[in-house]
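**Q** Each chain is listed here by its residues.
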Amino acid sequence: MKPASDAREARLHKLMVAALRGDAQAYAGFLRELTPFLRAYFRRRLQSLPDDVEDLVQETLLAVHNSRHTYDAGQPVGAWLHAIARYKMVDLLRGRAGREALHDPLDEESGALLIESAPDAAEARRDLRVLLRQLPDKQRLPIEYVKIEGLSVAEAAQRTGLSESAVKVGVHRGLKSLAALIGRRQ
Amino acid sequence: MKTDELITALAAGAEPVDSRAPSRRLLLAAAAGAVLGLPLMLVLLGVNPRLAQDAQLPMFWVKLAFVAAAAAAAFAIALRLAKPGMPTRQATVVLSIPFALIWLLAAAALATASPGERQALVMGSTWDVCPLNIAKLSLPAFVLALWAMRSLAPTRLPLAGAAAGLLAGALGATVYTLHCPEMAAPFIGLWYVLGMLVPTVAGALLGRIVLRW
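Protein chains in written order, with this note's numbering: chain A, 1 to 186; chain B, 1 to 213.
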């Protein structure tokens with residue numbers, strides 16, 4: 001088990017470092033490779049809340065995205081990811097204080113995230129598109145055009161009438177607001 | 001939205017990210033907080049009229065070195081707590097060094113003093129206002145350090161709040177040295193530390209609420 005998770009660590013680290021330099025393809029690969037581990041991690045620990053697993057996977061991906069500037073390339077990427085995943089899970093459980101899920105053991109060791117993976121992709125219960133509709137146009141439209149429809153920043157700027165930097169700022173702020181909206185609903 | 005669609009959305013147009021941004025932001029908050037503490041000190045307390053003479057005594061610089069070292073060590077630990085999964089053990093050991101040294105110095109001063117002098121060494125003449133003054137002067141740094149911490153990704157919220165609070169407290173104490181007439185290590189080891197603890201405890205209590213992300 002250990003050598004396999006070391007190899008994963010090395011691969012994810014390489015992808016993440018490239019992603020931080022702006023390599024979108026490496027970043028997509030990083031998120032895609034990470035997702036099954038997140039899913040397995042939450043599924044194992046939230047056995048009494050199976051419906052929340054995919055929501056939490058998506059929320060954690062968004063958190064990884066919004067806080068990727070806090071990743072230090074000298075640090076094991078598994079430890080960084082595990083701390084975020086664990087934080088998001090504890091946050092969810094705390095929001096539902098009183099549930100017996102709180103007594104599920106929470107492991108502390110930092111490599112625990114990269115051990116197992118669950119392959120199948122599932123539909124989340126909470127639809128992020130619905131949440132997206134609550135954002136102001138200045139944030140919603142850039143996200144819809146750039147992130148979902150895959151337009152370039154220049155095309156999105158043309159279509160919204162905003163400047164290119166306003167589109168970039170809108171995407172950035174919008175993803176932050178989206179994460180905050182998720183937090184508030186719990 | 002399917003998770004796969006979310007991934008595609010997040011990865012589209014990934015921009016380069018500067019990993020020095022967290023330290024720069026926290027440093028900016030600390031520096032601005034300390035600078036804003038200065039006018040607060042001038043208005044509320046005023047500069048120590050004997051500052052020029054006091055600055056010729058080694059103890060003035062020991063006092064300043066203690067609070068500045070505490071601020072630097074608190075900065076290092078706060079920065080680590082602002083990033084997910086960063087170990088903090090080493091930084092905690094480093095943080096304990098300035099406190100251990102000032103307490104050693106205090107113990108030595110008390111041990112060599114005559115019994116009649118000891119009370120004066122501990123209480124000085126301003127013990128009753130010192131902790132609260134330090135807490136007041138740390139307020140700008142407190143707000144800014146928590147704001148900077150909030151914009152990062154702390155995962156241990158009470159600890160992260162406490163570290164931001166201690167950073168603010170040590171910065172407040174640094175500004176306070178320009179007003180404070182006290183020169184005895186026992187005084188500094190007790191009342192300065194208590195003053196720094198006020199924002200530390202406040203940060204620990206507020207952390208869970210204001211640092212949530």
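Treat the hints as calculated values from the structure; they're not laboratory data.
Please read these numbers as outputs of a predicted model, since none were measured by experiment.
Please note that the accuracy of each hint is not assured.
Listed next, the in silico BS3-like pairs over lysine-lysine satisfying Cα-Cα at most 27 Å (straight line) [as the list claims (entries may be wrong)]:
no., chain 1, residue 1, chain 2, residue 2
1, B, Lys-136, A, Lys-138
2, B, Lys-136, A, Lys-168
3, A, Lys-138, A, Lys-176
4, A, Lys-14, B, Lys-136
5, A, Lys-14, A, Lys-168
6, A, Lys-138, A, Lys-168
7, B, Lys-136, A, Lys-176
8, A, Lys-14, A, Lys-138
**Q** Take the C-alpha atoms of Lys-14(A) and Lys-136(B), compute the straight-line distance between them, and say whether it is at most 27 Å.
**A** Answer violated: Lys-14(A) to Lys-136(B) is near 47 Å, above 27 Å.
**Q** Take a quick look at whether Lys-136(B) and Lys-168(A) sit within 27 Å of each other, Cα to Cα.
**A** This hinted pair is violated, its Cα atoms lying about 39 Å apart.
**Q** Is Lys-138(A) within 27 Å of Lys-176(A), Cα to Cα?
**A** holds (13 Å)
**Q** Measure nothing beyond the straight line between the CA atoms of Lys-136(B) and Lys-176(A); if it is 27 Å or shorter, mark the hint as holding.
**A** With Cα atoms ~33 Å apart, Lys-136(B) and Lys-176(A) exceed 27 Å; violated.
**Q** Hint check: Lys-14(A) vs Lys-168(A), CA-CA at most 27 Å. Holds or violated?
**A** This hinted pair holds, its Cα atoms lying about 26 Å apart.
**Q** CA of Lys-14(A) to CA of Lys-138(A), is that 27 Å or under?
**A** violated (34 Å)
**Q** Is the Cα-Cα distance between Lys-138(A) and Lys-168(A) 27 Å or less?
**A** holds (10 Å)
**Q** Hinted pair, alpha-carbon criterion (27 Å max): Lys-136(B), Lys-138(A). Please report holds or violated.
**A** Between Lys-136(B) and Lys-138(A) the Cα gap is close to 40 Å, so the pair fails against 27 Å, i.e. violated.
Comparing the model with each numbered hint stated earlier shows that hints 1, 2, 4, 7, 8 do not hold.
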